[in-house]
Amino acid sequence: QLEERCGASRLQLKRLESSGQEPLADARLDLAHMLRSSPIYQRPKDAVYDFQFPTLADLEKGSEGVERLAQVVSPIFCSWDDKAPARRRFGLAGVPTPAELGGRPVLLVGNHQILGADLGPLVREFLVDRGVVARGLASGGAMRRISNEGRDNTFETFGAVPVTPRNIFKLLQKGEMTLLFPGGMKEALHGPGEEYKVLWPEQTDFVRVAARFGAVVVPFGGIGADDSVQVLGKSDKLMESLRSVMPFLPPEQPEKKKDSGLMEVAPQRPSMPVVAPRLGLASGTSPGLGDRYYFSFGEPVDLKGLDPKDKGSCAEAYGDIRSAVERELAWLLRAREKDPFRGLLRRQLYERVAAFGLEGPRRVAAGPLEGQAVQSYGARAPSFDIGQLSPP
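The numbers in this note's numbering rise by one with no breaks, and the one at position 221 of the sequence shown is 221.
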């Protein structure tokens, strides 16, 4: 009854041992301390400024979930090579970190894949390979739902914040590495025939905010998730078809479109894609179930000299960044054709047999956890000969 009247989040029960009939008169009771430490007086947590770097235990726990996916999709990461700018190299060494830039913010900007399946491998790889948290922008509704259900909020543990203009402003102001998908939920919930399409809004707001804080933008592309499933349609189209043959169904209620100004935001009732797993397994030449994930990070774009008030220059930079993302996508689609381990069966055979016991645990390369072994990070099969590929 007390929980119903006070609210569970604002109620804290204290058992007073041997306090007699007048507990407040007991000298052993510090009522002021109890009040100050109660939920009523605690300052709300700030998702940006109160963030704590994950511990090794946090990383292991989160990595275990990512590894279940990685064991199937064996992600490959490539980045810009400063010694040969037209080419790419394996790993994320070509992506600058805020520490390497003297505390300047870094904004990772790329395409989102179906149902956001690309997020976990990306965040883990930056933690392990570069020792930095790539702080993503997540749906506030999803974050609240997980918290309300009483489960550990993995989003918050690994630096995600609700997607609002104010939060990205604060992240860049603080000099963080921030992960932004301008296509947002429009790309993550895309329809048939929209695989690897860059579905960005017309607004250039993220460029203007990034320029204000002298950020370095790193465009990237990612492929693989869209090839493991088939998007058969969208839920709103399905309902339209049902209403045409079942006129007694209630009509759809109009809804105002929400826009963060920085990325496409899903409405309160998003049109979900109707997806089904592909019937065949991924092969060296054809998409299929368990297709390999590939990510490529292009040449960094320094916005330090860009005037955020110059709309024309910001629009031009926005177009250049978008084109760079599209080039990375096109390069990855060509590059994976040369990967002898793209096929699921051959790749699984290598990773389960040939690579068994040949490599020790992966260690964090830099940052607060430098040198720590991540036991849950498994061995991956090799990929294409990157030196023989034409540049993006």
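If you're looking for bench data, these hints aren't it; they were derived computationally from the structure. Yeah, the Cβ is synthetic: ideal placement off N, Cα and C, and Gly gets one too. Possibly wrong hints are sitting among the right ones.
Unchecked claim - Okay, the calculated beta carbon distance ranges per label pair:
no.	residue 1	residue 2	range
1	Ala315	Thr164	18 to 28 Å
2	Asp30	Pro361	21 to 31 Å
3	Glu316	Leu35	53 to 63 Å
Okay, the hints, checked on the actual structure:
no. : hint                        : in the structure
1   : Ala315 - Thr164: 18 to 28 Å : holds, 23 Å
2   : Asp30 - Pro361: 21 to 31 Å  : violated, 47 Å
3   : Glu316 - Leu35: 53 to 63 Å  : holds, 56 Å
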